[in-house]
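Asker: Sequences and hints are given; from them, build the entire structure.
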Amino acid sequence: MSLKNILENWSDYRRTAEDGGHHDYEHMWAMAIDLNKCTGCNACSVACYAENNLPTVGKKRMMKGQGMHWLRVERYWDEPDMGGDEKEYQERGGSFLPMMCQQCNAAPCEPVCPVAATYHTPDGLNAQVYNRCIGSRYCSNNCPYRLRYFNFYSYYEESWPEPLNMQLNPDLSVRDKGVMEKCTFCVQRIRVGKDAARREGREVHDGDVITACAQTCPTEAIVFGDMMDKSSKVSKIWAAHEVELGKHEQHKSDPDLRGYRVLEGLNTDPCVTYLERVREA
Amino acid sequence: MSGNDINRRDFMKFMGLGGVGAATLSGCDMPTTITLEEGKEKVVAYLAPEEYAIPGIGVYFASTCQQCPSGCGVHGRIREGRLLKLEGNPKALNGRGLCQMGQASVQSHYNPDRIMQPMARKGGSLQPVSWEEAWQIMGEKVSGVDQGRSAWFTGTVSGHQSKLLDALNQAWGSKEHYVYEAVNNAVGEAVNEAVLGDAVPAYRLDKAKSILSFGADFLGTWMSPVHFSREYVKFRTGDRGVLVQVEPKMSLTGANADLWVAARPGTEGVVALGVANVLLTKHQVNGNSLTKAALDLIAEYNASKVTEISGVGGDSLVRIANYLKDNSPSLVLSGESANNHANGYQNAMAIMMLNVLLGNVGKTIEASNSMAFKDLKAKRGNSRALLDFAKAIDAGKYDVVFFMGANPVYTSPSHLGFADKLAKVPFKVALSMFLDETTLAADLVLPLSSPYEEWGTTVAPYQPKNAALSMSQPLMNPLSPETKSLGDILLSMLKHHGVAGYAGYDDYYSYLRAALAGMPASVKAGKSGDEFWSASVQRGLINAPSSPGSLKIKLGDIKQPGYQANSGFPMHLVPSTNQNMYDGRNANLSWLNEAPDQVSKVFWDSWAEVHPKTAAKLGVKEGDFVKIESDQGAIETQIYIHKGVHVDVIAVPIGRGHEEYGRYAKGVGVNPLKILSPAEDAESGELASYATRVKVTKTGHSADLSRLGGSERQVGRRLVSTVAASVFRRVEGA
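Protein chains in written order, with the numbering used here: chain G, 28 to 308; chain U, 45 to 778.
Misleading hints may appear alongside valid ones.
Using C-beta positions, here's what the derived DEER-type ranges look like [as the list claims (entries may be wrong)]:
1) 192/G <-> 722/U: 41 to 47 Å
2) 269/G <-> 340/U: 53 to 59 Å
3) 243/U <-> 269/G: 48 to 54 Å
4) 274/G <-> 777/U: 50 to 56 Å
Think of the hints as simulated: they come from the structure by calculation, not from any bench. Yeah, the Cβ is synthetic: ideal placement off N, Cα and C, and Gly gets one too.
Answerer: Structure below.
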């Protein structure tokens, strides 16, 4: 993917939701996360640290919001305007939300990059080219989900004292100061799955690729797969809950179907569908 | 594995025969990575590579996670001879899933603060020594010890390592083996044993339609959280069961409850009686399963009395009773916060009474199968071991003590004076991977290999139905050739003492091979010894024969004390367990320090949780430092405010506040276990860790709390959207 190619074919890589541009993609990687199953246990987040060479930055830098948690589990307390109440105690527990890059099809981060370091792949991924990134941080500024993470320092200098460095995954790089990074949907695993399929002369099957977060999830709340494969588990969940790509508002046959996308109204066309949390009362 | 004649090359050749797990094959267009660190590795040409070792290709081998006592099966991803990542073993009790502790256990293996060679106390401090010298010191100090003057103090042990330990103790004429876990379910087990005749029955979350849990954090820290999480999903899908959690401070399980109820610590039994009262009076549940005395007692606990003692309102009691009655069968659980009290046994008994009254025994509580290999079963830890051991060393009972897998100097309350008592033991040996507080108090330190560098078998403490041995195999070369596995050390000691039957084994690997080869033909399923070994190592599990057990119902006396106020120390201290730090063993892992606590979202430090009303009364806001003072001492930490804490409670998580234990743990946060008041459960003798009263005062200092940033409210945006269960059942119900 050369820069020249990107600039010449800009409109191919810069899609808007209205194009429905994903229809001619090779794959369309997506997720469905069931908040009825998610317990907020955080295993996904730590698995992501293990898989993706995420540095630990320490207390001070974490407090400045510089933590590199590509996948963070947010916790909200119930409130009256979200169906909760003002009782003395937190009777309905907490609301957990695993948030990773939503791999938006109309990603607000992409058009603002002055060097096209972030662009859309024909896999439907919002990719980040580390070598091209100059650290303007415009993308991070423009992400409504706050899911882009900037290397303010050379974290690797302190994050992996020997022999911790031996754990680093050689399938992807360790990023240095001045570079933006974020969840890639475990692109290195996608690569492995695609290569294996090609070598065996077949299509990529559902289940060939699983992200680190989805694999470790004790409740299998996270489902990952290819939306272009209509028989994939993730396609079926999106279809069952009547969530469609290329829309900023879903018109459902039954308003009680649980699927929704976070901040969908911003017209970002995210590739992650959440299924609503369930409470007795 | 030192001292044997199998080198890594042979071992891996052998492993290659098994070809374990799903080899993920990456493309030839990927950059080939050849690891070669100057002076550290030999240059070996890849012209004739080992069968499994293809540069750039990850291969998975099965082993067992030891980061907590649950004993989950794992698949480790190996590339170019290094362990990179762990996944759950789909065939094991935990399935393909793994919790954050399991994910981070690879950081324990590669920890920069691991002990890489033996150490001995010389001139007051620990100095590195060779194994020859270490064995020589052992010979001098241990060999001449009289029968019964030595003891082992360990965490949960099982499998063939446990068997060797028993053999060694037997040879020494000492039965003294203290098995200690700061986080345990010992009181619940004692009640299970008394009532059901089965200490660890099968809890069928998947069969229950409603669960009432008194502080059992089965999604976070209770017995086998990954396994229970899998069962929880079955409980929550289809007709979707109802979960009610009663506890003084919201646990992870509490945060997932449909109804979370705050109860004063220690009054859980009273709440159980109150629920029974509503069931008997409002719902006319048949009380024939209970004795007259029990029914009379329950009749006394009307709503107003229960509210007065526990702080749980009558409306909550009715709601709980309705849920249980309307969603049958139910399951009632008792966990840490209910059990670890001066009246903990009575709490657990009253809670068990609800199961009897609701007819759950045999439906959602089933008999466990008893595993045939009795000598391999897990020795489950408790806190009584700590108290008994402290008494024994205070009385000068032992000349030699071995420590392994437990850190009592850190986890014991100050009132035990554990460190001082320990000084009375003339010779202390610590088998450890890290210089924790207990290891630093030892006279001789034997460096253990990591769980991913050694051979072993594990029997999970909670696996009531499908009994199995989980295999551990080295996933890579040891980081230091000077570390040894527990099995190898025990075997060397057995051989040194000339115990019959062990001389023929060069190392623990050969012992284990022989042990597996000697298993009954039914277990080996017609395979030869070698075939069976390969299959076991490949699969990571050996199914053990087991026979179905049975449950009796013999409810003990139920009684509950009244509530005792304490004007000098008006608040209750809840030393809560969270999954990040667990009992403090995870404090040396940077991932788990940086991972926010599941409920409060605080990272890299300790904190104290209080209710908004309590905060107002104390005049504190988030981030203010408070002094928490018991009759045993004081700690200072920052306040976090939320409505998941009882108003009379201040909750400080355990696990931080280490004085030693490596760069990530040392000097971070506070340890609430230190200020616990002396209290034991009368019936079981367990440490009543939730029975401490404290006085909380403002210090005047304040700082930003290290909490995951941003709003705790959704300010009306649909970030986490919630629907009613009735809607869910209509649309997606079975």
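Asker: Against each hint, give a clear statement of whether it holds in the structure.
Answerer: Now the hints, each set against the structure:
{"no.": "1", "hint": "192/G <-> 722/U: 41 to 47 Å", "verdict": "holds (46 Å)"}
{"no.": "2", "hint": "269/G <-> 340/U: 53 to 59 Å", "verdict": "holds (57 Å)"}
{"no.": "3", "hint": "243/U <-> 269/G: 48 to 54 Å", "verdict": "holds (49 Å)"}
{"no.": "4", "hint": "274/G <-> 777/U: 50 to 56 Å", "verdict": "violated (28 Å)"}
Checked against the numbered hints above, the structure violates only hint 4.
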